[in-house]
Amino acid sequence: MRVLYDHQAFTLQDFGGVSRYHHELLCHATWESELAVALSNNLYLRDGHYSQHRTFLPNSRLPARWRVIEFCNNRASRRAIRRGEFDVLHPTLLDDNYFLDLLPAGKPLVVTIHDMIPALFPEHYPDRDARRLERTVQRADRIIAVSEHTRADILRLLPVAPEKVRVVYHGYTDREYPSAGPALPVPARYVLFTGSRALYKNFGCVVEALALLPATQAQGLHLVCAGGGPFTPTEHALLQRAGWADRAHQFGPVSDAQLNLLYRQAQAFIFPSEYEGFGLPILEAYGQQCPVLLSQASCFPEIAREAALYFPPNQPAALAEQLGRLLTDARLRRELVQLGQLRLLDFTWQHTARRTRTVYEEACQPLGAPGVRMPTGSPIPALEL
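Under full-length UniProt numbering, the sequence shown has 5 at position 5, and the numbering climbs by one with no breaks.
Because the hints were derived from the structure by calculation, they are not lab data.
Quick caveat, the model's predicted, so the values are computed rather than measured.
Hints may be right or wrong, so weigh each one.
As the list claims (entries may be wrong) - Cβ-Cβ distance ranges computed for the label pairs, FRET-style:
{"id": "1", "residue 1": "Pro-185", "residue 2": "Val-68", "range": "31 to 39 Å"}
{"id": "2", "residue 1": "Trp-66", "residue 2": "Gln-250", "range": "17 to 25 Å"}
{"id": "3", "residue 1": "Arg-135", "residue 2": "Pro-185", "range": "44 to 52 Å"}
Stated by the list, open to error - Under the rule of at most 20 Å between Cα atoms (straight-line distance), these lysine to any residue pairs were calculated in the SDA-like manner:
{"id": "4", "residue 1": "Lys-201", "residue 2": "Leu-109"}
{"id": "5", "residue 1": "Lys-201", "residue 2": "Lys-164"}
{"id": "6", "residue 1": "Lys-107", "residue 2": "Asp-87"}
{"id": "7", "residue 1": "Lys-201", "residue 2": "Pro-122"}
{"id": "8", "residue 1": "Lys-164", "residue 2": "Pro-366"}
{"id": "9", "residue 1": "Lys-164", "residue 2": "Arg-131"}
{"id": "10", "residue 1": "Lys-164", "residue 2": "Leu-100"}
{"id": "11", "residue 1": "Lys-107", "residue 2": "Ser-33"}
{"id": "12", "residue 1": "Lys-201", "residue 2": "Leu-158"}
{"id": "13", "residue 1": "Lys-201", "residue 2": "Gln-250"}
{"id": "14", "residue 1": "Lys-201", "residue 2": "Glu-123"}
{"id": "15", "residue 1": "Lys-164", "residue 2": "Glu-123"}
{"id": "16", "residue 1": "Lys-164", "residue 2": "Arg-135"}
{"id": "17", "residue 1": "Lys-201", "residue 2": "Arg-135"}
{"id": "18", "residue 1": "Lys-107", "residue 2": "Thr-136"}
{"id": "19", "residue 1": "Lys-164", "residue 2": "Pro-316"}
{"id": "20", "residue 1": "Lys-107", "residue 2": "Thr-358"}
{"id": "21", "residue 1": "Lys-201", "residue 2": "Val-254"}
{"id": "22", "residue 1": "Lys-164", "residue 2": "Arg-139"}
{"id": "23", "residue 1": "Lys-107", "residue 2": "Asn-97"}
{"id": "24", "residue 1": "Lys-201", "residue 2": "Thr-232"}
{"id": "25", "residue 1": "Lys-164", "residue 2": "Asp-141"}
The beta carbon of each residue, even a glycine, is placed where N, CA and C say it ideally should be.
Make a model of the complete structure from these sequences and hints.
As structure tokens, then:
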């Protein structure tokens, strides 16, 4: 079986969750793969094992750089699809569904939906065309959802048959990717927030919770934000009101190697988001033995189970109470780290690749035909403690 992956994630990302997901599939594939990429500065492709691409002005910030990469990669992917020398097409992103008009009739299409955020928060994505995604999923032979929670959202929000949607969780590998930057000047004692801080990410809840910490717990404590861009004027004002303006630090974008160090040295990782499709940072924190604080929302209880402390979203006092427990109870920290290590055993890229292969095999059969079948229920059991 030969699977063709298109360029999109490796054009848009130098590093990041979606391109890393597809790179891990390439690394653990038990099928023949082709990645249709001509130019890329993606960190995960630097070893050259999975594509015959070249880098293009990797240290430049010129806007034209991306346009050249996108043009060349779009052409490479279109040519590969037209050749038709594959059994399954698996696009790496669904931002552009150009492939629908090129895909030969009868060629199986498998797509991965990482979340349904644009559909759930349409006011924040005015340029998204919902009909584009609907057209894509209707053509797809199988749809991979990254959690049961995401699967439920797909079935609720999109016109697709339940038997087409399969849950395949992400995996985790403590892979030492090449460093993409110097060591970060982090404070000695800090809590960590990663990624975007906008909209449903609920950053304000973290700042308000920090302001509620007793002085004995807050002494010497800092807030480190990785990625997400510089603090906005609104965020500066929020930090100023909370009395944390001098103790908040933003680094980024950061490489995976830098991010691993940030997790490893943090007192806790706080993930207050109101919605996520999977929550890969949870596994990243587990991998670096960092205690985790999560909002009781979306897929988080499904992924973390007992290996985290929870707080109701948008309740800073509850977050402050749980954070205070972590900061003062060394035994609790050790227990959460141990539970995180156990939970991590259930999320491997080898397992992800095996289940993905099953999805590919299903896609090559007519819907409803006898043959390979995968249950739609959760593929990962709860921890028995």
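Each hint tested on the structure:
A beta carbon spacing of about 34 Å between Pro-185 and Val-68 agrees with the range 31 to 39 Å that was offered as a hint. In this structure the hint that Trp-66 and Gln-250 lie 17 to 25 Å apart at CB holds, the actual value being about 23 Å. Here the CB-CB span from Arg-135 to Pro-185 is close to 48 Å, well matched to the stated 44 to 52 Å. At most 20 Å may separate the alpha-carbon atoms for a hinted pair to count; Lys-201 and Leu-109 exceed this at roughly 32 Å.
With a C-alpha separation of about 30 Å, the suggested pairing of Lys-201 with Lys-164 is violated against the 20 Å cut-off. Our distance criterion of 20 Å between C-alpha atoms is met by Lys-107 and Asp-87, whose separation comes to about 7 Å. Proximity of Lys-201 to Pro-122 is assessed by CA-CA distance (about 15 Å); at most 20 Å being required, the pair is judged to hold. Of the pairs offered as hints, the one joining Lys-164 and Pro-366 holds, with about 11 Å between alpha carbons and a cut-off of 20 Å not exceeded.
Distance check on the hinted pair: Lys-164 and Arg-131 sit about 19 Å apart at the alpha-carbon level, within 20 Å; holds. A C-alpha spacing of about 18 Å is found between Lys-164 and Leu-100, which places the hinted pair at or below 20 Å, so the restraint holds. This hinted pair checks out: Lys-107 and Ser-33 have alpha carbons roughly 16 Å apart, not beyond 20 Å. Of the supplied pair hints, the one linking Lys-201 and Leu-158 is violated, its CA atoms being roughly 24 Å apart against a limit of 20 Å.
The hinted pair formed by Lys-201 and Gln-250 meets the criterion: a straight-line CA distance of about 16 Å does not exceed 20 Å. In summary, the hint linking Lys-201 to Glu-123 is supported, as the alpha carbons are separated by about 15 Å, within the 20 Å threshold. Distance restraint check for Lys-164 and Glu-123: the Cα-Cα separation of roughly 28 Å exceeds the 20 Å cut-off, and the hinted pair is therefore not satisfied. Of the pairs offered as hints, the one joining Lys-164 and Arg-135 holds, with about 14 Å between alpha carbons and a cut-off of 20 Å not exceeded.
Taken as a hint, the Lys-201 and Arg-135 pair is broken in the structure, with Cα atoms around 29 Å apart against an allowance of 20 Å. Between the alpha carbons of Lys-107 and Thr-136 the distance comes to roughly 14 Å, so the proposed pair stays at or under 20 Å and holds. A C-alpha spacing of about 40 Å is found between Lys-164 and Pro-316, which places the hinted pair above 20 Å, so the restraint is violated. A hinted pair counts as satisfied when its Cα atoms are at most 20 Å apart, and Lys-107 with Thr-358 qualifies at roughly 17 Å.
Our distance criterion of 20 Å between C-alpha atoms is met by Lys-201 and Val-254, whose separation comes to about 18 Å. Proximity of Lys-164 to Arg-139 is assessed by CA-CA distance (about 11 Å); at most 20 Å being required, the pair is judged to hold. Annotation: proposed proximity of Lys-107 to Asn-97 holds, straight-line Cα distance about 15 Å (limit 20 Å). The hinted pair formed by Lys-201 and Thr-232 meets the criterion: a straight-line CA distance of about 15 Å does not exceed 20 Å.
Simply put, Lys-164 and Asp-141 have alpha-carbon atoms about 7 Å apart, close enough for the 20 Å limit, and the pair holds.
Taken one by one, the earlier hints fail for this structure at numbers 4, 5, 12, 15, 17, 19, listed in ascending order.
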